[in-house]
Amino acid sequence: MDYSALYISGKLALISTALLLIIAAPLSYFLVHVRFRGKFFLEALVSVPLVLPPTVLGFFLLIIMSPESLPGRLWHTLTGGSLLFTFCGIVVASMAHSLPYTIQPLKTAFEKIDKRILESAMVLGCSRFNAFWRVALPNAKNGIVAAGVLTFAHIMGEFGVVLMVGGSIPGETRVASIAVYEYVEALRYREAWLLSGALLITSYLVLLCVMYLNGRPAPHEA
Amino acid sequence: MSSNVQALERFPPLRVAVAANFLMPMEEIRRVFTGETGIELQIIAGSTGKLYAQIKHSAPFDLFLAADTKRPRLLFEQGLVDKPINYAKGMVYLWSTEKIDAVNWQEALKQIRTAKVAIPSPDTAPYGEAARKALHNARQWVQIENNLVYGQSVAQAFQFGVSGGVKAAFVSASYALSEQGRKGSSWLVSEAGKVNQAACLILKSNYPERATRFLSFTTSMKVQPILQRYGYQ
Chain U
45 MDYSALYISG KLALISTALL LIIAAPLSYF LVHVRFRGKF FLEALVSVPL VLPPTVLGFF
105 LLIIMSPESL PGRLWHTLTG GSLLFTFCGI VVASMAHSLP YTIQPLKTAF EKIDKRILES
165 AMVLGCSRFN AFWRVALPNA KNGIVAAGVL TFAHIMGEFG VVLMVGGSIP GETRVASIAV
225 YEYVEALRYR EAWLLSGALL ITSYLVLLCV MYLNGRPAPH EA
Chain W
354 MSSNVQALER FPPLRVAVAA NFLMPMEEIR RVFTGETGIE LQIIAGSTGK LYAQIKHSAP
414 FDLFLAADTK RPRLLFEQGL VDKPINYAKG MVYLWSTEKI DAVNWQEALK QIRTAKVAIP
474 SPDTAPYGEA ARKALHNARQ WVQIENNLVY GQSVAQAFQF GVSGGVKAAF VSASYALSEQ
534 GRKGSSWLVS EAGKVNQAAC LILKSNYPER ATRFLSFTTS MKVQPILQRY GYQ
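Taken in order, these protein sequences are the chains called U and W.
For the first sequence, the numbering used here begins at 45 and goes up steadily by one.
For the second sequence, the numbering used here begins at 354 and goes up steadily by one.
Keep in mind that the hints are not guaranteed to be accurate.
Quick list of in silico lysine to any residue cross-link-like pairs, SDA-like style, CA-CA up to 25 Å [said to hold, decoys possible]:
no., chain 1, residue 1, chain 2, residue 2
1, W, Lys-409, U, Cys-132
2, W, Lys-557, U, Leu-86
3, W, Lys-536, U, His-120
4, W, Lys-536, U, Pro-111
5, W, Lys-557, U, Ser-126
6, W, Lys-452, W, Ser-573
7, W, Lys-423, W, Lys-436
8, W, Lys-557, U, Leu-118
Per the computed footprint, the stretches of chain W lying under chain U, defined by three or more beta-carbons under 8 Å from a beta-carbon of chain U, are [unchecked claim]:
no., stretch
9, 397-404
10, 441-455
11, 485-497
Hints in this document: simulated from the structure, not taken from any laboratory.
Idealized CB from N, CA, C, for every residue including glycine.
Whole structure, please, built from the sequences with the hints as guidance.
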């Protein structure tokens, strides 16, 4: 059996989740606390990958990452390689696809924080950044972990987008969900069962984890 | 010899993009080739059309074994691959999951008329294109069109049959004559003609020498018994 597929899925999910949390945490905080005209449009834009068919997103990414496009050429000058059909490429693709799955729980977590403690912090001389870094983030800990777990799970199940920009190259871009699809097509049901079983167990554990975290009170409420 | 094999093992495996119909013989050829040369191969199977699109978008493959001659030629004209060579000639079969008593494929189709029949997508799979041509030539297309289910490749069309989703499928000889295929019955679709399959070296390959070595191996006499066993010429 192709164990590398599980490894690739895990590695992809870990790296993309970490990068997404770094990007999404300040973005979500911004969306919760900063008011500006047209915020509504930005919020909708951020959620587009939630409703867009993965193949449509994959198609756009295929065009954007192609060596003939501007971003593709830029990447080529920076790294000397192509983004398409590489591990870096599927990291970018799964980040684009999973962004709303990270943003939503983070926004909820930031909204739950009592505004008064943020205001108190600023009255006591905290800068806006420090209020985010030293007050909001620690208080949103459960939400951050939940966002991470949910994003991780979503990327483990990534299929359409990764197939379109990754092309199922063993040991590089063939993730577990694609390997299952190809095992079924090749009538290798035993391997398909094994991999599917592994994915089922991971998914269940992830959900248990999320439910446990959501059920626990946030630190400042305790 | 052993030091030679060790020296070669330091290279990453060659990446061979293979049309789905050729997957089973390819697995056998890989065993023989790797045993003989120590060169490891990584097989990426899919429909010819999909692999063609990926190569056009600079997928990191070393070789392309297509199910037609058209797409390797197009890649050659675009300067992406070396001159293609023909490596196999395949045939289209109508294969049914059950033992059906029929003298030819048209007769068999009549018997299963109301059931679903799988065909590889004619746009991406050359065997599907050939099957469609045969259905047109035999004036069967109009009657059967509404019962057709499209698989992305020969492999998927066959899998639809094995999993019980359809009663019959248009596939390559390699699947119709496989162990699983022989559990049902199959008929040659002569109207589809022979499917010429071409292979080519991708010019971006980092290991053109080893890739060329594999290419000449696939056209050598050594693989002929394997090709014949899977119904290729």
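**Message:** For a quick check of understanding: which of the numbered hints are violated here, in increasing order?
**Reply:** When the structure is compared with the hints, numbers 2, 3, 4, 6, 10, 11 turn out to be violated.
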